[in-house]
Each structure stands twice: as C-alpha cells, then as structure tokens.
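Chemist: If you read the protein sequences in the order shown, they are chains A, B and C. For the first sequence, the working numbering assigns the number 808 to the initial residue and increments by one for each residue that follows. For the second sequence, the working numbering assigns the number 258 to the initial residue and increments by one for each residue that follows. For the third sequence, the working numbering assigns the number 975 to the initial residue and increments by one for each residue that follows.
It should be emphasised that the hints constitute simulated quantities derived from the structure, not laboratory data. The model shown is predicted, which means the values in this text are computed figures rather than measured ones. It is possible that some hints are incorrect.
What the hints assert, rightly or not - Here are a few chain C residues that face chain A, going by a calculated C-beta distance under 8 angstroms:
| # | residue |
| --- | --- |
| 1 | Y1066 |
| 2 | I1073 |
| 3 | C1089 |
| 4 | W1250 |
| 5 | S1640 |
| 6 | A1644 |
C-beta atoms are modelled at their ideal positions from N, C-alpha and C, and glycine is treated no differently.
Now for the letters of each chain:
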Amino acid sequence: MARYGMLIDTTKCIGCFTCRTACQRQNGLLDDEAFIRFETRESGKYPNVHVETVPLQCMHCDDAPCAQVCPTGAAHMGEDGIVQVDQDRCIGCLYCMAACPYQVRVRNSKTGSVDKCRFCTVSAYTSGTKMCTCVEACLTGARTFGDLDDPDSEISKKIAETGAAPIAPGLSKPKIYYVR
Amino acid sequence: MSFTPIWGVPIALYLFLAGLGGGAFVTAYCLRRTAPGQAESTRRFAHYAAFIVVCIGLAMLMLDAKAGFFHPQRFFLLLTNFGSWMTWGVVFLVLFTLADFIVCILDLTKHKTPEWLEVFGVIFGLLVAVYTGALLATPHAFPLWNSAALPILFLVSAMSTGAALVIGFAAIKRPEEFKAMEWVSDAHYWLPIAELVLVFFLMWVTYHNGEAGANSVLVLMVGQYALAFWLGFIIIGLVLPLIIESVGRFGKKESRGMTACADVCVIIGGYLLRWLIIVAALPVTLVVPAMF
Amino acid sequence: MRRMNVRVLWRSDEDDEIFTIERKTAMSEKALTRRSFLAGSAGAVALAGAAGFMGFGAWEQAHADSRSTAKTVTTAHSLCGGCSSKCGYTAYVSDGKLIKQLGDEGHPYSRGKLCARGYGYANIAYSEDRLTDPLKRNAQGKFEKIDWDTAISEISDKVKSIISSSGAKALALVHDPRPSGKYYGPRFMQALGSANVYTHGAACYLSRTSGFKQVVGGGWTSDVAHSKMTMFIGRSYADGVRPSQVADIEAAHANGADLVIVDPRLNSTALFATEWVPIKPGTDLALVLGMSNELVRNGRYDADFVAANVEGFEDWKKAIAPYTAEWAEDVCGVPADKIASLAARMAAAAPACSIEPSWRAAFGCQYANSGETARAIAVFNSLLGVWNQEGGALFLPSVKAGALDQGKFPNPPAVSEKAYGLSDLPLASESSALSVAEGARTGDIKGVFFYNSNMVAGYQNPTYLGECFDKLDLCVVIDVLMSETAQHADYVLPECSYLERFELPEFVSASTPVVSLRDQVLDVIHPNTKPVDEIFTLLANACGVGKYFDFTVEELADAQLRTVGLTLDGLRASGTQSFPEKAFVYGTTPKFGTSDGKVHFTSDACAKAGYPAAPIWTAPVADGGSDELRLIGGKQAIHCHNQSVDVAALMNITKDYGLERVWLSSEDAAARGISDGDTVHISNAQSDGTVKVHVTERLAPGCVWMPSHYGCAVPEQKNAYKVGLRQMDFVPFRIEPGYGGACTQEAFVKVEKVG
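Using the sequences and the hints given, assemble the complete structure.
Modeler: Quick look at the structure:
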C-alpha cells in the first residue's frame, strides 16, 4: 500500500505564494482559507544575508495528533496515509487545531468546520487536478510528491540523496520532508 | 505570519464555568458532611447554580463550535473517539449534569438526596474540573498547556471558585448558615495559596520548555497580558482574597461583606486564569526566527 | 473501524453542494474504503489506481467518464490577466464557477505554469466591488448610475463639442495595452483624428526602451537559461513573476551560472544568485560605467564585434576614460575591486552573458539618469559582443497580422501630427502619458479616455495628476473597479473582467514566436458591463466614425489570423499556435534597429537633446538632507501594481504576512530608535503617513523600500482601502528630460518612530 508524502526543497522556494493561490483555486477554497502557510527566516548581517522561506501544510503525520484528539472522528487517517477531515462530522471545536504542532489547520469561515491540505485527493475527484496542485504549480520545482514506502519512487530517492528531514524533531511522525 | 489564539472568550468561559459548577457541587457535598443539616438552603443554591453555570458553559461551547451549532445532530458524534479528552469531557459533563439535574429535582420537590447520588455527582464534578485542564494539557503543540501541573491548577481553581460562589452566597443571603460553614471556609482559605504555588511552578516549568514556552511566559508576565496577569489574576484573584480573609481570620474582625468581596475576587481570578492560559499560549517554534 | 459508506470530504462553499467521494451504488459488491476513492469508483478506474501513483494520470482520464456527482465542466484556452505578461492557460468552469486553471505548455511565458496572481486575480470576476453600471458625476460631484445609451450619447456630444471647438488634437487616450484594447482604443482616436495615444510606459519602461533604442534600436531578451553569467540590475524574476523566467533562472542556477543581483534590496531572486551587490539607489549608471571602463582598460572587450558593428567607439572610449572602478566606488558604493571582478567575470563568460534588460526595475523610469543608464547598459552588452549569441542577449522574432481587407476593415485616415508632447521628448520611443497631464493642466488637452489605466494612483504624484485631470472638459474612465483615476472622471464605464470577454489574438515574440488567444471563460456576470471592443464601437458609432468599427471582434480576430495562415476556430482549439518557420537561430549578428543598422556608442540625438553624445555619468536630481532616506519601491509576487490589491485572495496574503510594511535597514532603524514591527511616520514636503516597518538586513542603508502596490485611496475597493502607503504620494511631479520617464524614485523622505 502506498504511503504518500512530500518533499519540499526550501533552497528552491522563492516565497512567491503560487502554491497557496493555486491550492485555493483547485480546491475551491475561500479567499481567507489557506492550506499552505509560510515562515521566513533571515540570517546573517548586511550584506551577507541568507533568506529562507518554508512552506508549511498538513504533514499527514503517521501518528496524526489531530486525529488523536478529534472527538467526533472527523479528522482521521486515510488508508493511503493521507489524513482527512470528514466535513460532515466536524463540529468545529478546534481541538485539532490546538493539537496540530504545525498550525496548518484552518477553520472554514463559512461552515465553521476545520479543514487542511488533503494532498489534493478531493480536488482530484471533483475537478480532476493532479496530486498535488502545489507540486504541479510550483514555479521552481521545489516540491516532490510520491510514495514513501516505494524505495524507487522519486521522493524516496530524493530524501535519501538530500538527507531531507521533518521540519522539526520530536513533534510527530510527519510525511513532509524538508531540504534546507 | 503572527499567531492568532485558537480559542477566545467563549471557550475560556466554558472551561471556567464547567469548573465553577463542579466546584460548587463538591462544596455542597462538603457542607453535607461537615455541617449536616445546617446549610440546606445554601446547598440547594449550590446545586441550582452548578446546573445553570454548567449549562451556560455548554451553550458557550456549542456556540463556539460553529459547524456543530449549524448542524446540531453532529454533537451526537462527540462520543466517537474515546482517545480524545474532549469525548471524555462530554461523558463527564453529561453524567455530572444529569446527576446535578436529578439532585435539583429532588431539592425542588423537597426530597432528600441519597448520598450515593451526591457522591456520584462529586466524582464527576471533580472529573469535569480535571478535564478542563487535561483538555489543554494533552496536545504537545503548546508548551504552556502541555504540563501535568495544568489539570491540577485548574482543579484547584475550580474548587476555589466553586467554594467562593457557595460561601459568597451564604455570606450575603444566609448569614445563619454561613456561621456553620467553618470547615469549608478554612479549606477555601488555603486554596489560593496552593494556586499561587502551582501557577509559579507552571510558569517556571514552561519557561524552561523551549522558545515558545519561554515566550508564552514572557507574554504573560511582562508582555501583552502582563496587566491582566498581575493585576487581574495574581493581585485581585489570589492575593487580595488572601489578604481580606487573613485580616478577617487573624484580626478577628470577620465581616460577611468582606468575605463576599473576597469571593467575587476569587471568581474573577478564576475566569482570568482560564482566559490567560488560552490566549497567551504560543505554539512550538518550527522555523527558528532571525538569528544575527 | 469501517464508517459510513458516503463520506463528505469536501463541501462547496458557494452553494452547499455536496461532492460525495464514494458512491453508495459501488458499495454493494465490496465495502469501499476511504482509500478506494483514490482508486476511483469504477472498475477501470480502480485498475488504474491499483497500478500506483504513476497511474494517476490514467486514473484521472478514466475518471472523467465515471464521475457521478460532478456537473458539466467546460474548458477554454485563455490568457491570464494577472499582469501584462498574459500567460496562456486553460480554464475549467463548472456551473459558472472557475474550478481549475492550468498553465498552457505551449505558451512561451507560462510554459505550463501560472503564478500566484494568475490563480488569485481571477477572482476579480466575482468581486463584490466590481463596477456594474455606467456612472456619471452629477452636479453634487457624486456618481450616479445611468444607462449605457445616455452615457454614450452624452460622451459623444462632448467629444463632438471638443472637436468643433479645439480640434481632435485636444482628445487623448491613456491605456495599459491589452489585446483588444490596443487595437480598439488607438483606432477610435485615429478615427476621430487624434494622434494622442499614450500608455503606462512613462511609469514603466519608457526610459529604458528609449535608451536601448538609441544604442541598439530596441530592447532584447537575455538568454538567462543558457548563460554563464547574467547581471540583473533591479530586476527580480521572483518578485515580478513570469513563470518562464523563473524556470529559466532556476535552470541557470542549477547549471552553475554566475547570476548577479544588483539591487539596494536583497530581493527574492537572491535564492538563485551567486552574489548580491547592494548599490546606492540611482547610481547603477556609475557601476556600468566603471565596468565598461575596466573592459576597455584591460582590452577585454570584443574588438572584432566593435570594429564590425559599432559607431562612435573612439569618442565613447575617450569620454568614459575618467570613470574608473575607483571613481565608481565613490559614487555607487560598490567596492572598486568588486566592480573589476564583475567586469572580468562578464568578460570571461562572454558572449554567453549579458546585463538583463528588465522592464521597470531600476532604470525603466525611476531617475533623471534612467535613459542614460539604459544607454550605458546597451553599450556594455555590445562591448562583450553578446547579441544573438547563445547565453547572451537575443533579439527574438515575432509575427504580426498582415493587412486586412479594406472593404470590411477600412483603416481610418492616418493622422500626420505627432502625439501631444512627443516633440518635447526627442529621445522617447513613444509618447509619455505625463504629457497628457501637462496638456490637461495647460488646457491643450480637453478630453481624455482612460482604458484599463489607473494613471492617477500609479504613474506619478496623485494629487498633481488629479488636479490636472479635474481641469478637463471630459474625462472618461473604462475599468473593472472604481479607481483613483475614476474618482476624477465625468463618466465611468464598466468593463467586464478579462475572464468574461473574448479578445483579439495576441502575437508574442519568443524564440519560436506564437500567437495566443484570450477566449471568454465565464459568461458575463453583471449584465450592464461590456467588453472593451463593444464600448469603443458604441463610442465610435455615436461619434460618427462607426464605419471603422463595422465588424465583430470575432470577425476581426479571424481575419487577422487568416493573414498568418490560421483561423479563429483553430486557435480557439489550441490556445496558442507557434510559427516554427520563424524560429530564432543563435549566432547571427542582428540587424540592429537603429537608423543605419549599427550600434551607436555615441548619439547625435542625445547630444541635441542636451545629453552628452556618449552615455557618461549623470546624477539623479533629487538629494535628501542628512536625516532623509531615498524612497524606493518594488513589486511583490502576489500583486500587479495597484490593479490586484482589492482581490481578497491576494490582499489576504498581504494582510496575513504584513506585506504592506516598508523596509528599513537595521543601521538606519537603529539610528532612529526603530525596531521591527514598529509603526513609523513617513513624510516629506509633499505627503506623510504612518505604516508598520520591517527592519531588515536585506536593505542597503540610505533608503527606505516601500512595496509599490498599496495605499489605495478608493473606498469602493473595500479590501484594499487604506492598507499601507502609496509610494507615488511622495514623488514630486517630474518628467525625465528628453526621455519622458516619470522619475518615480526621485524622492526623499523622513522616517520617524511613532509614539
């Protein structure tokens, strides 16, 4: 069985927000509902300065803290390792948002339900987008999507080559790996 | 991107009122044991008040859970995941409210409540109070919450505010019963001291729990929420009641008016504690900010 | 635990419509699990899914037929409206809702991708702030709705009255060219007998294009992807995004190219740069002179190319002799050894190198020396013989529509006069819109049409421009949203958004030139809005020149395409068609677009216009006091000037990340007691305002950087109103002599902490 994950190479991320707006379009999100957020880091002293932009979105943790705390079972682990939110079960208690170490869950301001990156599984069904839109849309090819359990997949090879790692140690078992 | 607190006033009120209700019910049972038959109308008040505040708290929760508010049938799904403190909280709250409701009916119909029923209510009242802290303490994302001290702190605060509500009522409305409540008053006197110790223990532990922990503590103690923390919670909510009660106790000038004042302060402090803990918590830092 | 068979994973926000992911009908055979929707709901689909992720394309294909809940999806090839690049993309529409956009692979600018604006700006179609009806300013100065017939007839009466009293030369058009607009607007003016057609160029590329024209006859495209070294002066591919350029610079970086960013600000392209060369704003000319001097002094220029192609080399050589690297260091702040190193590296990389031409960036229109900077840059590239060399600077081919049947599409008589003000700007490659403001002020211009142009907010000092246009007898603004310019209009005509209109074919210059089409994607949303072709046709009919507009836009498009061997139906089907027979070939020395086909290191025209014959040092004119900082601006990848700021999908990004903040160097901030996140007061003699500040190591001391999108002063733009400050408010009205540029960075401000 596939265990889908993503690799984000921040050495290629120009912080242009294309993944955010592409995701909003292809997933039919509200204008104020963004599944991808960004943290930036500036280091060094003028004129020797280094800038890093880190896109963050649902990490589809194997031990999903959101699913652990969700009282209604709306947040749950799908069988391809894709964490999903059943919009018709969510009561909007936001407990999952408190449990998520990555602050990547958002409340839909119209329905009140909580939502987040779905690795485009839903838009793949409703409008036939590729998995994943952010990967397809990235202008610099900073993102790779694929099966982490397949040692021959592009993502597995890249993780091995680059030594990509989760964004921060010890928080959960995420399936997004970062090259930094 | 700056972090916006996940919850605000409604959930702070919910956690506070749930604890307050539990605390009031437990206080009523303490009166049954320590002043049997001498504070019956105060005890009835405690049962009614507990029911009302817990219901208001639940209403706050349901209003805040917008998706559930729009689709109330979804609240039945709350009993799905017994790995979640939220689910257990619902169980505790329902059983506590149910017990309290029956006690209230018995009170209203002038029947004596069987002790087992009250003990049942006490157990779930205590669990409700613990749950309000455990709910926050379980997730790892917020160092200020993620501490075993938090459920204990919230339990102590719940008992303190519950007792304050009951004692305050008696002090104003039932002076003759107030006199018989010495044991409860004594216990109530020491609770703010325990709370002070717990709060500073929590601050100390959190401060040393990573950058987000340190920042959360700084935000509370010297930052954005410093006024609410020091003046509202520490001074008004804890120190002032202690001083008032101490003056009464050791100066032998106990006045019911002063006691009622102290009780109001405790209740204000109890709410501020929940609110401050909710809004001041910062999530763990993922991308280390600028280092020069 | 198996849950209910139908799970709603997504709920449409618009209409509460439910897309069920698993179908009940499929449940009978075997219990479908959540996973199974990845594998699809039909047998064929499940097979494709079972093949693993690589089979997903096949799954998508198979699924297109088996989708049970999705409604009819229509697709159209169209052109993005998020900026002037007009990238080709395919729009997918369901139930009037734009559900998907995919960049078209065949379009040379998109190459299969769109940028953040491409997705976000499309929401303009659904904006609540849209203009929905024609507006007329009433006696109280307020706008009131009127019907189209009244609007057109009143406007045409005024046009006729202006023509009869002052002649057609008192009418002008200012537009930001778009595929249909650049045909219909100028044609309307020509039909009326006026040559007064102006673009946004004065506030964008006029100085640069004019300077290039003097030396090599026009602008070029740097072959960044194949270059060994490219220098970017102010231009940032990652901030003013065209997807193909971002892909090119990423590829160049991956190939190990030496990519140098010359900019007072460490812009977002820095990620791919080998070096950031911070420079004192307005002194790029000094750097280029210093580098040129180095090449000559060390004999490291392409002597063969110069001998064969260059006019005026010896005079130029004498003229630039004083401008050594050491001299340049004093002026621009870049160390002399750095300048020498840059020149040597360029020489070593030649001819696979160039200075990138940019658009607005640092010398498109910003300073009184921008035109001369452009000249010096064209000279520098010529010294290295990079023209049309692989990795160098290319003059790419383009295709144009041929002559049309004059029976059906008769051309209006040519107008012999030049555009108003152009004769005062002998070096300008086109008329400068600032001349229109001057003409309005003096009374020479009495009526102006603005199409898709927010000149008042974006070109120069808004207060001054507004005062000029308030003197007009007739001011007509055609736009999608209320704008600062429309605030000064007598009539505002609502256009439908770019998604709701069909436009004329757009011919794009590229290594293989193409023609592409903006097809209509959405039905017209507000019934009282009209596409630009209809608006100008209505105006022309009412003004008595309808005979030049007696055709539909689609008839015109088809006729244009037939002149290049294509048809409208064919282009509609593909979106983009290329002309491989016209493809660019490396290695040929171009025929330069100058009068004699040579490269001109000295220019008589410049000498006549009051500049030195050879481009030598000319200083920017504005100078600040010791406590003042030069105000510089720039783009962010999520906005296009001020046209996109009201679109919530984009403005929410600004608000989420505080992108409206001005940038201040840590040195200047420390000297003023300012910390990151403080609110600061920015002021000069002309304007003032408060805004939050971002204190950074990414900015050279001596300037303050203000993103140039913000400070919207139009209450009807509810998302954008009063967010941030407007750079142009601080810019004194000035026209670059000879060239006509807007001198948008000839301004200094004080920055003080508030509170």
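Chemist: Hints first: check each against the structure and report whether it holds.
Modeler: These are the hints, each one checked on the structure:
Checking Y1066/C against chain A: minimum C-beta separation of about 6 angstroms stays under 8 angstroms; hint holds. Given hint, I1073/C at the interface with chain A, holds; its Cβ is 5 angstroms from that chain's nearest Cβ, closer than 8 angstroms. Because the smallest distance between the Cβ of C1089/C and any Cβ of chain A comes to about 5 angstroms, under 8 angstroms, the interface hint for this residue holds. A least Cβ separation of about 6 angstroms between W1250/C and chain A falls short of the 8 angstroms threshold, and the interface hint therefore holds.
The interface hint given for S1640/C holds, since its Cβ lies 7 angstroms from the closest Cβ of chain A, which is under the 8 angstroms cut-off. Interface hint at A1644/C: violated, since its Cβ lies 12 angstroms from the closest Cβ of chain A, which is beyond the 8 angstroms cut-off.
The structure is inconsistent with hint 6 alone, although it conforms to all the rest.
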